[in-house]
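Enquirer: What follows is the residue order along each chain.
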Amino acid sequence: MEPITVYTGKAAPLDRVNVDTDQIIPKQFLKRIERTGFGEFLFYDWRYKAPGKLNEEFELNQPENRDATILIAGENFGCGSSREHAPWALLDYGFRVIIAPSFADIFYNNCMKNGILPVRLASQEVKQLMEKAADADYELTVNLHEQTVKDLQGFSASFDIDPHWKEMLLNGWDEIAVTLRYEEEIAAYENQNPR
Amino acid sequence: MAPKTIFEKIWEKHVVVEEENKPALIYIDLHLVHEVTSPQAFEGLRLNNRKVRRPDLTFATMDHNVPTVDRFNIQDLISKKQIDTLKKNCEEFGIPLFDLESPEQGIVHVIGPELGLTQPGKTIVCGDSHTSTHGAFGTLAFGIGTSEVEHVLATQTLWQAKPKTLNVEINGKLSPYVTAKDVILYIIREHGVGFGTGYVVEYTGDVIRSMSMEERMTICNMSIEGGAKAGLISPDEVTFEYLKGRKFAPKGDDFDKAVEEWKKLATDEGAVYDKTIKIDASKIEPQVTWGTNPSMGISVNDAVPHPDDFETETERRAARRALEYMGLEPGTPIQDVEIQHVFIGSCTNSRLSDLRSAAEIVKGRKVAKSVKAVVVPGSQQVKAQAEKEGLDKVFKEAGFEWRDSGCSACLGMNPDIIPEGERCASTSNRNFEGRQGKGARTHLVSPAMAAAAAVTGKFTDIRKLKNEEVVS
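Top to bottom, those sequences are chains A and B. Residue 99 in my numbering sits at position 9 of the first sequence, and the numbers go up by one each step. Residue 413 in my numbering sits at position 376 of the second sequence, and the numbers go up by one each step.
Incorrect hints may appear among the rest.
Simulated restraints, written as ranges between beta carbons of each label pair [what the hints assert, rightly or not]:
| id | chain 1 | residue 1 | chain 2 | residue 2 | range |
| --- | --- | --- | --- | --- | --- |
| 1 | B | 400 | A | 157 | 56 to 64 Å |
| 2 | A | 212 | B | 319 | 34 to 42 Å |
| 3 | A | 283 | B | 505 | 50 to 58 Å |
| 4 | B | 278 | A | 268 | 42 to 50 Å |
| 5 | A | 157 | B | 406 | 35 to 43 Å |
Within a straight-line C-alpha distance of at most 20 Å, the following computed SDA-like cross-link-like pairs (lysine to any residue) qualify [as the list claims (entries may be wrong)]:
| id | chain 1 | residue 1 | chain 2 | residue 2 |
| --- | --- | --- | --- | --- |
| 6 | B | 118 | A | 123 |
| 7 | A | 217 | B | 353 |
| 8 | B | 50 | A | 273 |
| 9 | B | 50 | A | 272 |
| 10 | B | 59 | A | 264 |
| 11 | A | 256 | B | 118 |
| 12 | B | 46 | A | 122 |
| 13 | B | 475 | A | 135 |
| 14 | B | 475 | A | 253 |
| 15 | A | 256 | B | 353 |
| 16 | B | 59 | A | 273 |
| 17 | A | 139 | B | 50 |
| 18 | B | 475 | A | 283 |
| 19 | B | 118 | A | 118 |
| 20 | B | 117 | A | 119 |
| 21 | B | 199 | A | 251 |
| 22 | B | 475 | A | 124 |
| 23 | B | 475 | A | 146 |
| 24 | B | 201 | A | 253 |
| 25 | B | 117 | A | 144 |
| 26 | B | 46 | A | 282 |
| 27 | B | 59 | A | 268 |
| 28 | A | 217 | B | 55 |
| 29 | B | 475 | A | 144 |
| 30 | B | 294 | A | 283 |
| 31 | B | 118 | A | 126 |
| 32 | B | 117 | A | 282 |
| 33 | B | 50 | A | 282 |
Just so you know, these hints were derived from the structure itself, not from any lab. Don't be surprised by glycine CBs; every beta carbon is placed ideally from N, CA and C.
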């Protein structure tokens with residue numbers, strides 16, 4: 091997984107609440123057995139009117155949002171199905187950071203396993219960012235070391251993240267390799283608690 | 038010793054590593070695997086030359102892609118590849134598989150309990166959000182992503198931050214024909230799709246105690262629709278009775294010993310939760326959803342709400358979008374809304390008691406001419422048992438199609454898809470846009486309400502129908 095430390099990119103607003111993973115990547119695209127290639131199907135039913143025909147009204151299809159890499163989303167983003175295809179699609183499309191007032195638990199975890207940084211900010215702060223990003227090219231810098239989100243016009247907010255996941259993201263570590271360092275503890279647990 | 042909740046007891050017994058400022062490393066007792074969320078995990082193992090640590094604690098089945106008609110003849114080549122890939126992976130890594138030939142195949146959350154794999158006190162995971170179903174047995178069961186599937190395969194553990202506890206206490210008397218499905222839809226409608234985020238929900242109260250295991254599974258199944266990490270219920274005699282004699286449950290003296298241990302799991306009197314919600318069961322009526330998430334619901338005698346009824350602009354906008362997608366006018370009584378499809382199935386409502394309750398309504402009646410109605414048993418065992426009881430005949434005589442088991446129209450990853458613009462009364466768990474097919478309009482209901490909609494062609498108060506004389 092690619093480390094994420096200080097990231098600057100164009101931010102796009104998706105001002106909708108309770109966006110579920112069925113919208114992020116519809117079920118017909120879950121049949122691939124690879125982790126890659128999901129980006130073209132991201133938000134498929136919202137992005138396209140028909141195969142190959144873009145829905146010009148959809149937020150991410152508007153010219154100023156087209157090459158965004160930071161997504162500003164509404165509350166409870168990523169609810170519903172546990173499909174990791176959702177963060178795979180977001181990453182493959184180009185998103186490295188998602189900012190929202192709240193995330194669904196499984197989605198939040200899935201993001202971090204793939205080097206996407208999910209940032210929780212207060213509702214008011216997210217609202218401010220949505221307004222700034224609407225109808226304009228808008229750049230944000232997310233600093234994972236400092237746990238801050240800043241723009242060039244003086245916006246600054248800080249966010250919380252579990253120190254364990256922070257370390258994993260900063261270093262881009264393979265979680266399984268980290269866990270396998272505890273092989274002895276796992277084996278001892280199994281000896282004491284036979285199953 | 039301080040009184041504890043069942044969640045705390047299970048958690049403490051499963052901590053392998055606990056260090057400051059870190060999530061805990063938790064041991065997983067049972068890992069259920071299906072074809073959609075596992076191929077990339079097995080591929081990851083191969084790339085890193087890793088093996089499955091405990092194939093004996095891992096069980097697989099195929100359910101999402103499975104056709105419910107002519108199941109061995111999978112037309113969609115990509116679906117077929119995913120199913121074949123699971124089979125190959127199970128062979129390579131030595132994982133027991135209930136495949137399409139198996140009389141024990143079915144929806145992963147139906148067969149786990151049915152086979153007695155799901156037992157009180159276990160930690161259970163699966164790459165599927167409805168893993169919360171297994172919590173009905175007093176387990177800590179939750180859905181995970183594919184990276185976590187790979188992590189569990191390789192290490193039999195997961196790093197988990199300790200969630201908070203939420204007590205949902207349901208007391209009072211349920212009205213006749215108000216089912217477990219109505220209870221959970223009502224709770225989500227009242228408290229929203231995010232009420233459980235960050236919490237493990239324990240369902241308590243008289244209403245839960247008087248429910249069967251299958252009803253409890255319906256409640257726990259939809260915990261994820263309220264955003265909960267998991268949903269669970271302290272085990273009792275109903276739980277033990279259900280498990281007795283099941284294939285993977287302990288036998289003889291071992292069973293009695295297990296029951297003694299299981300009894301100790303129940304939440305202690307006086308245990309403290311981080312939060313409590315109280316539900317008055319007598320207020321619950323049969324529910325129907327009108328919108329595009331499970332909290333957008335009303336009682337069967339209500340009308341479709343107006344966007345202006347909602348407090349915030351965000352909610353009003355979401356309601357307008359939902360009404361547009363659903364093709365509904367505000368103020369329309371939901372009982373005036375005609376449906377074209379009925380789907381009885383899914384990990385929420387496809388067990389024997391669900392089929393019985395639908396069959397009771399259907400018996401002696403006919404499916405309305407304008408309706409295509411389908412029953413998809415949750416497992417091949419449910420199917421066989423239902424056929425033994427003659428339920429298949431009741432459904433078929435009424436004009437229902439009687440299918441093989443699978444996830445079917447709950448998520449449209451197989452040939453069972455609801456066409457664009459058409460409306461389905463569905464016993465499944467999600468009414469998201471496009472869930473049952475692009476442009477399909479899903480209304481979540483109980484099996485009895487789905488059966489009533491099938492025979493009348495529109496949403497009907499099951500209680501009215503029950504009072505009518507059957508004319509046939």
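Enquirer: All the hints need checking, so say for each whether the structure fits it.
Expert: Right, here's what the structure says about each hint:
no. : hint                      : result
1   : B:400 / A:157: 56 to 64 Å : holds, 60 Å
2   : A:212 / B:319: 34 to 42 Å : holds, 39 Å
3   : A:283 / B:505: 50 to 58 Å : holds, 57 Å
4   : B:278 / A:268: 42 to 50 Å : holds, 43 Å
5   : A:157 / B:406: 35 to 43 Å : violated, 52 Å
6   : B:118 / A:123             : holds, 8 Å
7   : A:217 / B:353             : holds, 16 Å
8   : B:50 / A:273              : holds, 18 Å
9   : B:50 / A:272              : holds, 18 Å
10  : B:59 / A:264              : holds, 16 Å
11  : A:256 / B:118             : violated, 37 Å
12  : B:46 / A:122              : violated, 39 Å
13  : B:475 / A:135             : holds, 8 Å
14  : B:475 / A:253             : violated, 41 Å
15  : A:256 / B:353             : violated, 36 Å
16  : B:59 / A:273              : holds, 17 Å
17  : A:139 / B:50              : violated, 52 Å
18  : B:475 / A:283             : violated, 48 Å
19  : B:118 / A:118             : holds, 14 Å
20  : B:117 / A:119             : holds, 14 Å
21  : B:199 / A:251             : holds, 15 Å
22  : B:475 / A:124             : violated, 24 Å
23  : B:475 / A:146             : holds, 19 Å
24  : B:201 / A:253             : holds, 19 Å
25  : B:117 / A:144             : violated, 30 Å
26  : B:46 / A:282              : holds, 17 Å
27  : B:59 / A:268              : holds, 13 Å
28  : A:217 / B:55              : violated, 38 Å
29  : B:475 / A:144             : holds, 16 Å
30  : B:294 / A:283             : holds, 16 Å
31  : B:118 / A:126             : holds, 17 Å
32  : B:117 / A:282             : violated, 42 Å
33  : B:50 / A:282              : holds, 11 Å
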